[in-house]
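Novice: Modelling step: build the complete structure from the supplied sequences, incorporating the hints.
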Amino acid sequence: MNWVNAVIQGMLLGGQYALIACGLSLTFGVMRIVNLAHGDLAVCGAYLGLVLSSGLGVPVWVTLPLLLPAAFVVGMGLQVLLFGRALRHGVLAPVLVTFGLSIMIENLLQVAATSDPRGLNGGALTLASFHVSSGITVSWLFLTGFLTACAVLSGLQLLLTHTSWGRKVRATADDLDTARLVGIRVRPVFATVAGIAIATAALAGVFIGTIGTFDPLTGTDTLIFAFEAVVIGGIGSLWGTLAGGVGLGITQVVVGEVNQAYAVLAVNLLFLAVLTVRPGGLFASHQPAGEVLG
Amino acid sequence: MAGTLLEVAGLDVFYGDFQALFGVSMSVRSGCATALVGANGAGKTTLLRTIAGAQPPASGSVRYDGSDITAAPPHRRVSRGIALVPEGRKLFASLTVEENIQVGAAAAASDAWPLERIYGAFPLIAKRRKQRASTLSGGEQQAVAIARALAAAPTLLLLDEISLGLAPLVVEGLYETLAGLRSAGATLVIVEQDLRRAMDACDDLVCLLEGRVALAAPVAGVSRDQVVAAYFGEVRS
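Line order of the protein sequences matches chains P and E.
Heads up: the first sequence at position 39 corresponds to 39 in my numbering, and the numbers run straight through without jumps.
Heads up: the second sequence at position 47 corresponds to 47 in my numbering, and the numbers run straight through without jumps.
Since the hints were derived computationally from the structure, they do not count as laboratory data.
Heads up, the beta-carbon is just placed ideally off N, CA and C, and yes, glycines get one too.
Don't take every hint at face value.
[Unchecked claim] For lysine to aspartate or glutamate, the following DMTMM-like pairs were computed, each having C-alpha atoms within a straight-line distance of at most 20 Å: (1) E/K130 with E/E116; (2) E/K127 with E/E116; (3) E/K90 with P/D221; (4) E/K130 with E/E140; (5) E/K90 with P/E106.
[To be verified] One side of the interface only, derived from the structure: several residues of chain E facing chain P at Cβ under 8 Å: (6) S110; (7) P114; (8) R117.
Specialist: Put into structure tokens, the structure is as follows:
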């Protein structure tokens with residue numbers, strides 16, 4: 001048993017949770033949509049990666065320049081055609097719509113791709129690792145995943161704080177009605193936010209499929225961890241989401257060292273404990289969601 | 001007499017089943033200040049929001065600068081020169097003062113109001129430009145709300161209860177700024193609870209009573225008593 005190793009592996013795993021969760025966090029923070037199909041859309045990203053990389057005969061990383069823009073366009077399309085319309089009918093409608101979308105995606109994937117578990121071709125990165133010290137070996141793939149999550153979150157943070165688009169996003173998150181009144185065109189803002197959210201989900205899906213295997217129902221499990229990361233970190237807070245994901249990952253791996261059977265249970269208990277003690281999340285402030293987005 | 005910049009006709013506006021405006025018509029002369037007065041719930045804010053495009057009317061029309069804008073979305077109205085300073089200021093709490101003003105320029109009609117000119121008009125908030133809007137005093141927040149609207153380079157500026165909750169001296173300063181805007185050619189519609197201040201600052205006056213126009217006249221042509229009567233619905237002139 002090696003605690004330091006467990007913490008390091010947990011942290012790296014947590015990066016994966018954060019990567020899948022940041023899109024959820026963004027979607028909720030800006031549009032007030034709880035996207036229950038987020039995990040399934042990530043899995044769609046993995047399947048698209050599978051089709052592209054086996055079709056072209058290249059590792060899945062090579063297909064990212066095609067895959068991510070495609071996911072961005074899908075996200076924009078979903079926002080304009082589905083989520084945006086649902087939002088006009090109160091807070092419950094988007095929940096029902098995304099829940100329905102989740103079921104549709106899972107069943108369509110089962111029809112189109114069967115329930116067989118799949119893995120993605122990650123090239124040389126998949127099996128490469130390096131020794132840090134005795135008992136601590138870090139997989140390049142896990143490290144890449146973690147660094148990618150950090151890069152994506154930092155990039156989002158920079159976009160939100162330092163660009164005119166980011167200002168509009170934060171203003172809209174603060175107060176939708178006033179954002180419209182001062183002349184912000186909310187629809188393109190929402191569409192680009194949804195595009196980015198789904199693109200990050202697809203990227204997370206690619207890592208899920210490279211690190212482990214996936215099948216049409218993987219999205220639901222993924223969604224639960226992503227949700228817990230968002231809630232633990234504080235809804236709408238990107239850095240909180242990273243911290244939440246890392247907290248989940250460390251808990252899962254450290255408890256798994258003791259007894260693998262309790263690993264996921266411990267994660268859910270941590271989630272319950274945070275909800276009880278700090279229902280707003282560890283990094284939530286008293287400001288509106290836009291505060292923490294910026 | 002100056003030409004008409006804004007003309008609303010027969011506006012009916014509903015919130016669900018509740019009707020807030022009943023066939024409201026009024027016109028605003030170009031380059032003039034119009035006071036919009038009335039008791040709480042008379043429909044003043046609803047009228048301003050309808051002009052700004054936040055509230056679609058069930059019937060009636062809004063004409064601005066010679067064209068019908070009844071169906072135009074808010075951002076298009078902003079880019080044509082209509083800006084609203086909303087009731088309760090409604091600043092973006094997590095944005096800095098400067099970011100609030102920059103967001104106000106998102107659909108600006110022209111670049112007539114760059115940041116330097118705005119800070120020149122509001123030296124107090126220039127010092128606070130990097131602070132979050134939510135950390136400012138009430139008067140400073142109101143100044144930022146006006147600055148945010150000015151950033152859109154408006155021809156028609158709609159101001160909803162800018163003196164609410166502010167010290168008289170602060171209100172005095174804000175009205176001096178408005179007087180400066182008027183002499184620069186802006187057309188103003190001012191919702192104001194203080195009747196005397198409204199009559200002092202404006203050329204025309206429209207009084208709403210329970211969603212209907214009770215009185216519309218040049219300020220010079222009405223007495224304070226007539227306005228008070230229209231305000232409370234005692235006498236119809």
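Novice: Now, for every hint given, state plainly whether the structure supports it.
Specialist: Here is what the structure says about each hint:
| no. | hint | result |
| --- | --- | --- |
| 1 | E/K130 with E/E116 | holds, 14 Å |
| 2 | E/K127 with E/E116 | holds, 12 Å |
| 3 | E/K90 with P/D221 | violated, 40 Å |
| 4 | E/K130 with E/E140 | holds, 13 Å |
| 5 | E/K90 with P/E106 | violated, 43 Å |
| 6 | S110 | violated, 13 Å |
| 7 | P114 | violated, 15 Å |
| 8 | R117 | violated, 18 Å |
In this structure, the hints that do not hold are numbers 3, 5, 6, 7, 8, in rising order.
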